[in-house]
Each structure stands twice: as structure tokens, then as C-alpha cells.
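S.K.: Which chain is which? The protein sequence lines are A and B, in order.
Residue 90 in my numbering sits at position 90 of the first sequence, and the numbers go up by one each step.
Residue 142 in my numbering sits at position 142 of the second sequence, and the numbers go up by one each step.
Source of the hints: derived by calculation from the structure; they are not laboratory data.
Certain hints may be false.
Stated by the list, open to error - Residues from chain A shown here face chain B by an in silico Cβ test under 8 Å; the list is partial:
| no. | residue |
| --- | --- |
| 1 | Ala21 |
| 2 | Lys33 |
| 3 | Gly35 |
| 4 | Val48 |
| 5 | Asp51 |
| 6 | Lys55 |
| 7 | Thr56 |
| 8 | Phe57 |
Note that the Cβ used here is the ideal one computed from N, Cα and C, for glycine as well.
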Amino acid sequence: MLYSDKVMDHFEHPRNVGEIAEADGVGQVGNPKCGDIMKMYLKIDGDVITDVKFKTFGCGSAIATSSMATEMIKGKTIAEAMTLTNAAVAEALDGLPAHKMHCSVLAEEAIKAALADYYRRKGEEVPAELRLPCEEEEHCCSACH
Amino acid sequence: MSHPMIYADHAATTAVTDTALNAMLPHFTAAYGNPSSLYRFAQEGKTALEQARAQLASCLNARPEEIYFTSGGTEADNWALRGVAELMALKGKSTGHIITTAIEHHAVLHTAQYLEKKGYEVTYLPVDRDGLVDPAAVEQAIRPDTILISVMAANNEIGTIQPIQEIGAIARANKILFHTDAVQAVGHIPVDVEEWQVDLLSLSGHKFGGPKGIGALYMKKPLRLPPLIQGGGQEKGRRSGTENVPGAVGMAAALQEAAEGMEAENVRLAALRDKLIDGLSVLPYARLTGHPTRRLPGTASFVFEGVEGEALLLHLDAKGICASSGSACSSASLDPSHVLLSIGLPHAIAHGSLRLSLGAKNPEEEVDYILEQVPAVVSYLREMSPVWDKEAGKPTWEL
Chain A
1 MLYSDKVMDH
11 FEHPRNVGEI
21 AEADGVGQVG
31 NPKCGDIMKM
41 YLKIDGDVIT
51 DVKFKTFGCG
61 SAIATSSMAT
71 EMIKGKTIAE
81 AMTLTNAAVA
91 EALDGLPAHK
101 MHCSVLAEEA
111 IKAALADYYR
121 RKGEEVPAEL
131 RLPCEEEEHC
141 CSACH
Chain B
1 MSHPMIYADH
11 AATTAVTDTA
21 LNAMLPHFTA
31 AYGNPSSLYR
41 FAQEGKTALE
51 QARAQLASCL
61 NARPEEIYFT
71 SGGTEADNWA
81 LRGVAELMAL
91 KGKSTGHIIT
101 TAIEHHAVLH
111 TAQYLEKKGY
121 EVTYLPVDRD
131 GLVDPAAVEQ
141 AIRPDTILIS
151 VMAANNEIGT
161 IQPIQEIGAI
171 ARANKILFHT
181 DAVQAVGHIP
191 VDVEEWQVDL
201 LSLSGHKFGG
211 PKGIGALYMK
221 KPLRLPPLIQ
231 GGGQEKGRRS
241 GTENVPGAVG
251 MAAALQEAAE
261 GMEAENVRLA
271 ALRDKLIDGL
281 SVLPYARLTG
291 HPTRRLPGTA
301 SFVFEGVEGE
311 ALLLHLDAKG
321 ICASSGSACS
331 SASLDPSHVL
341 LSIGLPHAIA
351 HGSLRLSLGA
361 KNPEEEVDYI
371 LEQVPAVVSY
381 LREMSPVWDK
391 EAGKPTWEL
């Protein structure tokens, strides 16, 4: 099997799938051309992420990393969520095959994009650490380039 | 897993048939002699090998001395292309032009690219949206320095069967060597090297109920390509290495069995294939890939918009269905299959491909099960897809 049991568990039983109707921050990264798109919805109360949902178009590891990343930030503060790295997501899944690591990068970027959107909606400046490599583009796909 | 296993990936490989296995078994134990040895004990292997060659040849309407055993289809493809290039080099033409297609298997494509690096020029002919090569385009691509035309007989991903006979006639009229990679065709559709007018044809044993690790290259007499593999001079000095006697025997037995049952089996398979096509290509934003009728009897291939192929395969696997996909994520590459892009599919859609290839052991109930499961998995994945508009029932993208 290509994937760890944990990846398969999160792929077959993804946590936090869906949308949040009145989200405080929404971020989408990826590109249909590359075959991976992740969209994250955040509900934020004060500085705590009280709810998070995702929708993903992509392979098994794209779905599993989205699911794991949402679990890792739910109930956490914004500051904590901002420090989430792709390596931590991959590690929590007991690893990913080398050519699938870009999926974990997308998961990290999707969360950062949603947090950046939260700041923008509030009319505040987006912290530098939330700026993505290709923010100017509609869909970010830094992992593919 | 509580589901039965349904194997719908026969284009990837097949189980060795009982007939083939029983034919092979004595050559592993009782009759293990090296066919090159002189003593009588080894003669049984030698005789079996030559019988296998004759059996294989008769299934292709070839002569036994035109069949060379190889380690498989990939070696046969490599040998055909590199062998022709080397043959021409031996005649003093160290460069030249090769015509092939954009949808070949990598065994041909990567060998063609290797020859490009060596100074050869290669034309990769496009295909139409059904995956067909236009024979007229082959003719137009011919140049005075063209040394080889290589067009696959049937495509492994989309099942389209090429007009090999027409292309063969063009090649022969222009006195250009013609190779066909018939790995997906042999054992599945009638193959006649004389009718097809091919000079070289590659085949692989495990695609039609023979074992893995054995294949063959047909070489029309008097063509004699220089060897790709040097050594002890087996296969009349053309392909060295101790002969894979059990493999050759098993492959030949499997091919004979397939050829004998082909007519009846293909009627059954085509009906099941068409049931899959009728059931799955009508899903919203789904379509058949490959030619609607000129296709391998067991192969049904599709794309489903808004769904990624690897995720589809993994869910089908959880339901007990073995299938394959040309999506980027089901391989180590970031690009979807070159075949799906060549038939004009945008990247985003090509990522959502599914190939179901049926074989002898698939009864109709299994097809019915597949027809229940695939739409359910497609809907489930679309529901969690950010590029699928659930209310509108269509993808959010404009391609």
C-alpha cells in the first residue's frame, strides 16, 4: 500500500468535510490543472478557531492532509494555527510518500489563505507569515512549480 | 475487507490461466535442462521452446523463425526501435527520421526520445479526440530519410484500435520498416502480421493469461535486427541469455487458448464493456474516452469532471474493485497521462480518469456491482469537491 494506515483512515473517513455558511475566513489554494484544490472555511471567536471545514478536489493524500490539518487547528488559537507546518501535518499522518509531500504543503497554505482572508475581512493588515508565494494569482499552486 | 475482490484491471496484467500454468510446471522441475546443452535430458526444454515458438507464430500468421523471445513487451519495443536505428547505422546511415504517435506506451515513447538525443529526428503524430491516428497523416510525415514507422495496435489507456492495416500498406508502399506495439492487442483481437503488413511486432505474455517476464518480437524475414542483448548467442545470436522455457511455453499455451476462444469471449466481453459504457458515460459531466466502437473488447475508460482519479481508485479499492487511472496523482508525475492530453482533454478533466478492463473471470454480476459503486463514489467525491457546484449539478470551472 502506498499510504500509511493513518492516511487511509483520514482519506476514507475524512473529518470536518463541508462548508461553513457564515465563515469568518475562507481560503482556496491549488489549481485544477495540477489536480489538487483545497478550500478551507474558518469560524473564529476572539482569537480561537472554533470551527473549521474543508472541501478538497484531489488525490488520497490531498484529502487526508486536509482532514488532518483541520483536526490540528480546531480549537486552537490563530497564533497556534499560524505555526502549523506541512511537515507537522505529514508527520501526524505517519508520513507521506515523497511525491505526495506537496499535498501537505497545500494543506498548510490553505489554512494560511483562510487566515489571511480573516484578516482582510476585518480590514486588518495580513501578517507577513500568512502571505503565500503566489498570492497575486487567484489559485495558489506554489507546490507545483 | 468485506467485499469480494473484483478484478477489472486486465489491461495492467492478467492471472496465468490453468492451461498455461500446467504447461509450464514440468519445465520448472522435471524438465529443467538448459536448452543449449547437448545431452538428451536438455532436449525436452529445447523441443518445448521450439513448439512454443511455432504455436505463437501460428497465432500471428507468422513463421516460427520470425519469432524471438524477449523478457517482455518493453524489451521488444526497445529492441525494435533501437535495433532499426542500429541496423541503419551499420548501413552507414547514422541519423534518420522516425514516425510514431503521441499516444504510444512509454516503452516506445522513451526509446524514441532516447534516439532523439542520439541525433535521430522523431515525428510524434497527433491523434483525434477518439484517439485514432490518421493514416493520411502518417503518409504525409514520410521523408526521404524516414527509417521506421511505429504505431501501437491498441492503446492501453483508452482502448482505441488503430488502422494498422492501412498504415502497414502505406509503410510497405514507401519501403519503410513498420513496427507495431501490439502488447494490448495480441490475445484480445485477431492479429495477422501478413494482413497488417508489419515488419516488427511486440507482444507480452502476461497481458493474455501468460506469465510475467516473457514476451516476443516478431521480425519479418529477411529482416534481422542487431541484438540489443549480447551474450551466449541464444535465439540465433539475436537475443542472448538462457531461454525462459517455462515462460515461453506458458505464453504460447495462453495465446493459443485465447485465440481459440476469442470469437465467443469477445462477444461476451464487448457486451459487458458496452454495459459499463452505457451505464457510466451517461453520468452528468462524465464521458467515454477512446473510440466508441473501434476499441478493445474488454476496455471501458472514462473521465468524471470534478473528481480526481486516485481518490476514485482508492474508494473503489475499498469496495473491492481493482481499476486504474491516468491521473497524475496515481503516478509519480504531476501531469496527467499523455494519452488523455493527446485526445484533447484539459488537464483538469484528465485528472478524473478511470479505466476498467474486463477479462475472462468477470461475470455480469461483477459489472452490475461496478455500475452501482462507481456512480456512488463519484457523487461522494463530488460532494466534497470545491470545484463541484452541488445545486447546479456541474463543475464550477469553465474550461
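S.K.: Of all the hints given earlier, name the ones this structure violates by number, lowest first.
M.R.: Those not satisfied are hints 1, 4 and 5.
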